[in-house]
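**Student:** Listed below are the residues making up each chain.
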Amino acid sequence: MTQKPAALVIGAGIAGIQAALDIADAGFPVYLVEREPSVGGRMAQLDKTFPTLDCSSCILTPKMVSVGQHPNIELLTYSEVVAVEGEAGAFHVTIKRKPRYVEEDLCRGCGLCAQECRMHGRVVDTFNQGLGKRAAIYVPFPQAVPLVYTVDPTACLYLTRGVCGKTFKCKDACPTGAINFEQKERFVEVDVAAIIVATGFDLMDPRTKPEFGYGVYPNVITGLEFERLSSASGPTGGKILINGKEPQDVVFIHCVGSRDPHTGVPYCSRICCMYTAKHAHLVRDKLPNARITVFYIDMRAFGKGYEEFYDRVKEERVIYRRGEPSEVYRRGDRLVVRAEDSLLGRAVEVEADLVVLATAVVPRVDTPAVAQLLGLSLSPDGFFQEAHPKYRPVETARPGVFLAGCCQGPKDIPDTVAQAKAAAASALVMLNLSQRHKDAK
Amino acid sequence: MEPRPRIGVYICHCGTNVAATVDVEAVTEFAATLPGVVVARHYTYMCSEPGQALIREDARALGLNRVVVASCSPRMHEPTFRAASQEGGVNPYQFEMANIREQCSWVHHDRHEATEKAKALVYAAVMKAIRLEPLEEREAPVTPAALVIGGGVAGMMAALDIAEAGFPVYLVEKSDHLGGRVAELNRTFPDLEPVSEWLPALVDQVQRHPNITVYLNSRVTNITGFVGNFEATVEGAKEPLKVGAIVIATGYDVFDPRRKPEFGYGIYPQVVTTLELEHRLAAGDLTVNGKTPKDVVFIKCVGSRDQQLGRPYCSRVCCMISAKQAQLVRQALPDARVTVFYMDVRTFGKRGEEFYDEARRAGVRYRRGNVSEIYRRGDRVVVRVEDTLLGRTIEHEADLVVLAVGMEPRPEAADIAALLKLPRSADGFFLEAHPKLRPVDTAVDGVFLAGCCQSPKDIPDTIAQAKAAAASALIPLMRGVVPMEAATAIVDPELCAGCGMCVEICPYGAPGLDPLWGVSRVNAVLCKGCGACAVTCPSKAIRLQHFTPDQILAQVEALVGW
Chain A
27 MTQKPAALVI GAGIAGIQAA LDIADAGFPV YLVEREPSVG GRMAQLDKTF
77 PTLDCSSCIL TPKMVSVGQH PNIELLTYSE VVAVEGEAGA FHVTIKRKPR
127 YVEEDLCRGC GLCAQECRMH GRVVDTFNQG LGKRAAIYVP FPQAVPLVYT
177 VDPTACLYLT RGVCGKTFKC KDACPTGAIN FEQKERFVEV DVAAIIVATG
227 FDLMDPRTKP EFGYGVYPNV ITGLEFERLS SASGPTGGKI LINGKEPQDV
277 VFIHCVGSRD PHTGVPYCSR ICCMYTAKHA HLVRDKLPNA RITVFYIDMR
327 AFGKGYEEFY DRVKEERVIY RRGEPSEVYR RGDRLVVRAE DSLLGRAVEV
377 EADLVVLATA VVPRVDTPAV AQLLGLSLSP DGFFQEAHPK YRPVETARPG
427 VFLAGCCQGP KDIPDTVAQA KAAAASALVM LNLSQRHKDA K
Chain B
2 MEPRPRIGVY ICHCGTNVAA TVDVEAVTEF AATLPGVVVA RHYTYMCSEP
52 GQALIREDAR ALGLNRVVVA SCSPRMHEPT FRAASQEGGV NPYQFEMANI
102 REQCSWVHHD RHEATEKAKA LVYAAVMKAI RLEPLEEREA PVTPAALVIG
152 GGVAGMMAAL DIAEAGFPVY LVEKSDHLGG RVAELNRTFP DLEPVSEWLP
202 ALVDQVQRHP NITVYLNSRV TNITGFVGNF EATVEGAKEP LKVGAIVIAT
252 GYDVFDPRRK PEFGYGIYPQ VVTTLELEHR LAAGDLTVNG KTPKDVVFIK
302 CVGSRDQQLG RPYCSRVCCM ISAKQAQLVR QALPDARVTV FYMDVRTFGK
352 RGEEFYDEAR RAGVRYRRGN VSEIYRRGDR VVVRVEDTLL GRTIEHEADL
402 VVLAVGMEPR PEAADIAALL KLPRSADGFF LEAHPKLRPV DTAVDGVFLA
452 GCCQSPKDIP DTIAQAKAAA ASALIPLMRG VVPMEAATAI VDPELCAGCG
502 MCVEICPYGA PGLDPLWGVS RVNAVLCKGC GACAVTCPSK AIRLQHFTPD
552 QILAQVEALV GW
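Residue numbers (the working numbering), protein chains in the order written: chain A, 27 to 467; chain B, 2 to 563.
These are computed hints drawn from the structure, not numbers from a lab.
There's no promise every hint is true.
Covered stretches of chain A (chain B as the covering partner; in silico rule of three or more C-beta atoms under 8 Å from a C-beta of chain B) [claimed, not checked]: (1) 44-52; (2) 72-82; (3) 185-191; (4) 217-228; (5) 255-268; (6) 319-333; (7) 431-445.
Quick reminder that beta carbons are idealized off the backbone N, C-alpha and C, glycines included.
Sequences and hints are given; from them, build the entire structure.
**Tutor:** Shown next, in the form of structure tokens:
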């Protein structure tokens, strides 16, 4: 029996996970490559999801577990695709496996190493958007797949300074001898018939809009930071606390960088209206007496059940004000949001203890590099360009390479999942073709 | 004889989701005292790899033959823990889950009471687990073909992917041509590309595809069977079509603006719908009563976002259609004033916002306002609108008013829903299996949704979803087998009186009366394990495996006696 043709999926957020599962369930081998130490992507960072308010990790972890255990999926985490040669049906791909300095097959995920690490509680926790601290040896979150610790090469004292006390405390603590500072990067080569790109998105740094005071005032945060603040598994255990206090006045600002051709991006980020409505609901749920204001330009509640959710949130004493805030400034120990209310036709000032910025969805910084690696083109907004905006939304100009999720443009979870499955369908057609060629030979 | 139960009980903290409200250590200590329990442990995340390893390793080391996990809803992680049990050598049907999150920690605040309730739920689960019997999972072969209902863009794209992957597809279309609603369009947003550039080629590709059989002027009148083995009766097909998967792509209807009589549609010739303007733009004739309009008004959200009409949802495409048509009208009538009245501009798609900017740069005026009525003044009409930015009512004279009518479910959706026992959501569109993670699957295995029959969407989103439905359909077709429910109903022929009530009640057509013996028999391939027959049977002759009376009563007694 000949080996079946395989697919490569780059990126293991919900898009990559779904595409990999569909292809694997249909019986073809999949290499799922993820740059981070764990699969899960952005969705693993979210608290609840709109409009049904299911807990994000509760619905995601079953899928993460599935990709970790699927007999047809070979998971390559903490890895990056570095070269792609060949053509549709016969791609030759080189994957760099970065050193974790921990042997994957020995680590049991017990975490004793992190407790002993000299940097414990001192390294900025990127998974928690910097709201917490971790050790230099870490798993990004407790349900990580695979649950294997990774040494952060930018924070580990030994790796950055060449010395970490008299002995390696992490190595001494490890019951299975999994930690290995001799590990080097390795390269794996695989042959695949189809490639799905699911590399996700970044969020715009709101420091590019200095008038909102992000980075200056600690109580101005981003929507993603709010997700970690609100999450029961986040650094505050799900309590909305700013400097240890519950805010009384919370202001949300839509379109921070979106629909802003001059200082941001010209396009709509498609998800911010709804996640802000969800955030407003969560604040109402956790802080029944808080005053909640949302500044919007146009309320874009377009998906299934979204308008109904927006209607519900408006009835929960959330004040929607149409207007673009011009600045956020300090008055005493509080903040003031100054905005032009376009329905009242005059400037208003709203005091706040917490300001949440709905920052624009932007292409990943390395998108041009990935485009070059794979021979793809970018659309004017900087996301990957599909073959035809209407009738070929997941194909690219390069046969055999398909797009899934937000690397093609901003989209919400249902649209991401649908598009990921669509990319899987295109890949399955290619894999079937490749199989028939093989059988014919 | 069955070996004595050796049960492992695992209490999940779910981070703090359970542990913040439930004293997991107390529940674990309590579980260890229950009959048959060999080991009881608690862990931060049972669904994580080390959590599952606990089950696997205990099962092997301690010779467990039953596993109980107290954590979230079985809808989340039952498959995870069944697999972990099986890897440890435990029959997956001798696994039981106690839901101490959704049914306990998330809904209670008092730590003592929540802990007591968690203990009760664990106790009940252990009592059931003791009585669980091993069951065998089997597989059924799949008919390698698919049925696609609806020959619009969604149906065609789904059919093409399935056909290209090597499977025969039967495409059933009720009208006399393929192309659906898109065939009625002239140009599409945001590139103003003529539909004729690509749609005829797509139709041609479908019609010529060796794996696709198209039935025009045809409807599906009956469907029997189950995932992997459906039989569909289709008008025009000589025999019932045997297929393994079904894609529903039956599209949408447009809102009839006569239901908003204040807009005068059907009375004033100046008032048309976006679909009618599409035809006029294609024909190059925008005249009204023989005159070229000088003032054109677009009104959005006609039949959308309107709770009074029972249409609370957004139709998702009208903002972009209006932006497109307003630009095309500006091009056709450079001297005309073009105004769009809107509530919110929802141009969210790729290049959507840019397209809206282009419309405004092309001189289309956007005014935020709610239109209250349209009435005649001479040979023009007056649009009366509350301008919400100016904060006052204005009257706008126009020669042509275009109503951006929303989408609604087709009336025939009810027939298809009845045919396949498909649930629909409150808005009348077909209901997906999960709004986020299973957007094209349905409650019926092997039946998938594509396009606007699930909810309004634009062409790229429709095509993505159609291809997604194709991917879901290809999974059983390519695998060639589908797993069958092991927890099926069985009839005790000694007790069966042959009354036939089970035959009537079963939604899947699984029981049938044996003509020779006059007793009921359940076809295990069709049975989904819903239990409707078991509770209906007046002779108590039907037993649903995995939910037998002694198992359920043991669970109930445990809870009642708590």
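**Student:** Decide, hint by hint, whether the structure agrees.
**Tutor:** These are the hints, each one checked on the structure:
Coverage of the stretch 44-52 of chain A by chain B holds in this model, with 4 residues showing a Cβ closer than 8 Å to a Cβ of that chain against a need of three. A stretch counts as covered by a chain when three or more of its residues have a beta carbon under 8 Å from one of that chain; for the stretch 72-82 of chain A and chain B the count is 5, and the coverage holds. With 0 residues having a beta carbon nearer than 8 Å to a beta carbon of chain B, the stretch 185-191 of chain A misses the requirement of three or more and the stated coverage is violated. Only residues whose beta carbon comes within less than 8 Å of a beta carbon in chain B count, and the stretch 217-228 of chain A has 0; fewer than three means the coverage is violated.
With 4 residues bearing a CB less than 8 Å from a CB of chain B, the stretch 255-268 of chain A meets the requirement of three and the coverage assertion stands. A stretch counts as covered by a chain when three or more of its residues have a beta carbon under 8 Å from one of that chain; for the stretch 319-333 of chain A and chain B the count is 10, and the coverage holds. As drawn, the stretch 431-445 of chain A meets chain B at 8 residues by the rule of a beta-carbon pair under 8 Å; at three or more, the given contact holds.
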